[in-house]
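Participant: Letter by letter, the chains look like this.
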Amino acid sequence: MPVVVLDNLHKTFRVKQKAPGLRGSIRSLVRAEWNTVEAVKGVSLALDEGDLLAFIGPNGAGKSTTIKMLTGILFPTGGQAQVLGYVPWQQRRALAYHIGSVFGQKPQLWYHLPPQDTFELFAHIYELDRTAFQKRKDFLVEALGIGDWLATPVRKLSLGQRMRCEIAASLLHGPRILFLDEPTIGLDVIAKQQLREAIKTLHDAENLTIFLTSHDAGDVESLCKRVIVINHGQVIFDDRTSALKRRFLRRKIIGVRFGEPVPDDFSVRDATLLKRGTWGVKIELDTHVRPVDDLIKALMSFAPVVDITVEDPPMEQIIREIYQADESVQIKGSPEPAPASAERQSEPAAE
Amino acid sequence: MLKRLRVEAGFVGKLVRLNLASNMEYRATFLTQAIGMFINNGIYFVFWLLFFDRFEEIRGYQIEQIFLLFAIVALGWGLAFTFAGNAPRLAQMVAEGRLDYYLTLPRPVLPHLLFTRMDPFTMGDLTFGVIAYLFTGRFDVISIGLFLACAVLVAVICASFYATIGCLSFFVGNATQWSFGLANALVTFSLYPLGLFQGGIRLVLFTVIPAAFVGGVPVEVVETHSLMLLGALAGAAAISVLVLNVVFRIGLRRYESGSAIHVNI
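One line per chain: the protein sequences are A and B, in this order. First residue of the first sequence: 8, per the working numbering; consecutive thereafter. First residue of the second sequence: -14, per the working numbering; consecutive thereafter.
One thing to keep in mind: the hints can contain errors.
Covered by chain B, according to a simulated footprint, are these stretches of chain A (three or more residues, beta-carbon under 8 Å) [what the hints assert, rightly or not]:
id, segment
1, 26 to 33
2, 76 to 88
3, 96 to 103
4, 108 to 115
Here are some, though not all, of the chain B residues that point toward chain A, as calculated from beta-carbon distances under 7 Å [said to hold, decoys possible]:
id, residue
5, E(-7)
6, F(-4)
7, K(-1)
8, L5
9, S7
10, E10
11, Y86
12, L88
13, T89
14, L90
15, P91
16, R92
17, R238
18, S242
Just so you know, these hints were derived from the structure itself, not from any lab. Here a beta-carbon is modelled for each residue, glycine too, at the ideal position from N, C-alpha and C.
Please put together the full structure from these sequences, using the hints given.
Facilitator: Below, the structure written as structure tokens:
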């Protein structure tokens, strides 16, 4: 039975428009002009208990707005939603006991105090039994590896350390669903990986349902079995992550810095040279045409390699490819309304 | 019901303790801000000392009544923002869409957000209020009891008024300046003898900007020991809370979360 159900959910905002400069400001003061922005346009989906869903899309796609409606922060303009049987914006307080949320850019930890003080406050907020709280805290401290920072003021923690403490705070009351809004935003590669591993551990240990938004395709690859891609407020892809990887995450961007200038005769087969500098190159590779390790071996044969990076293409490119895969879906600015999904399966994907 | 109240009171107590601990992280700033506010109040009072050096009274107020007026307003104002330190910030918080944190937790949003911050400036007001009262010479138990009761009710009115004006941000986009200006009007009008104001202005001071209930009425309660007036003051406080709750509840439906990065301090 689904624990999260969205049915044709809509949200519109009124946004004030102003011409540039002082003249624009004065004109706006006399006669304000407003635009209606449709942040979420008829999103429908269902999530089963224990699902780990990636809800991804570029900035401004409607991810955060959707998650805010599901946690009761925002009232929708239209449509229905139920989370664990509750209507979030009508039964916000009752629902809050059963869900946890972490907003990457909106910390809940008190900035000048150590995380353990916020944990104590949360024990009051959720009216937790003292013994149960202590036991739960010990479990989370162990699972997230945050024992060394509990007594350090939050302002002194790194972003990665802070984010792990944020997740611990949001799970203290043992929620059934965890909403994670851009939890890896701003983190370096290692911190991202550690956080992803921690999320996976908690999901596996507690059969926790996780609704994760991100604009980082790496989060999806590492964590989620199912992925929904949203753009301009509409779902354009809803399928297994393996399908996304097979079809749209096959390209990698490989950056190499050599220990000596790039040889004049440098060239690569079965890959596209995006940029060539004096000391390094950037290459786009289709992993279905040639494996990454094969290309790296070839690159190392040219000259000593000082540094190498392998990245996913940016989310905007993945979305462009999703649109291109289905010509009936039109890209931004189209006068035609886009269909709800480029590739959509009614059956929830559990691998 | 009683159990619920006890739980909520315990939660507010926890917030206040956490606020104190947070403020104590920067002891020097905390103390200088508190002392600064005390001096600020003192300078304002000098005007009245100079005035009463030349005149006997003004509309029935002598220097003792002015001491009492300042004591009540300063203590009430101090109490209001020691506990409800976010009331003056509500307009900006709403305008910038910074209520998300409170909306995701299972607590009544309004008290939670109001009590989540303590303003260190208010320590100066609290101290000033207590010291000013010592100059009134009213040391009988009833007067002290009424003074403290009035200060608490004044605190409720001040915090509710400031927060209600802040709620206008839900409707007009950004009411930060209105909030600041009207709160200044409340405190300024409350620091003058009530008898100075007549007609329409007096009506405004008993309704739209309830400065009469912050200054003149509580002074009369302590002076006359009138329980009826104390009841009127309690009624005004209750209405202030009610108005705040209604306006906040209606406004929350129009809330638009923002993308600004913010922290709880």
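Participant: All the hints need checking, so say for each whether the structure fits it.
Facilitator: Each hint tested on the structure:
1. 26 to 33: n = 0 at 8 Å, threshold three: violated.
2. 76 to 88: That given contact holds, which follows from 5 residues of the segment 76 to 88 of chain A lying within Cβ reach (below 8 Å) of chain B.
3. 96 to 103: holds (count 4)
4. 108 to 115: holds (count 6)
5. E(-7): Since chain A brings no Cβ nearer than about 10 Å to E(-7)(B), farther than 7 Å, the hint is violated.
6. F(-4): Given a least distance of 5 Å, the restraint on F(-4)(B) holds.
7. K(-1): At about 5 Å, which falls below the 7 Å cut-off, the nearest Cβ of chain A leaves the hint on K(-1)(B) intact, so it holds.
8. L5: At 11 Å from the nearest chain A Cβ, L5(B) fails the 7 Å test, so the hint is violated.
9. S7: Check passed: Cβ of S7(B) comes within 5 Å of chain A, closer than 7 Å.
10. E10: 4 Å, holds
11. Y86: Nearest chain A Cβ about 6 Å off; hint holds.
12. L88: Nearest chain A Cβ about 4 Å off; hint holds.
13. T89: Since chain A brings a Cβ to about 5 Å from T89(B), closer than 7 Å, the hint holds.
14. L90: 5 Å, holds
15. P91: 4 Å, holds
16. R92: 6 Å, holds
17. R238: 6 Å, holds
18. S242: 5 Å, holds
Violated hints, listed in ascending order, are 1, 5, 8; each of the other numbered hints is respected by the structure.
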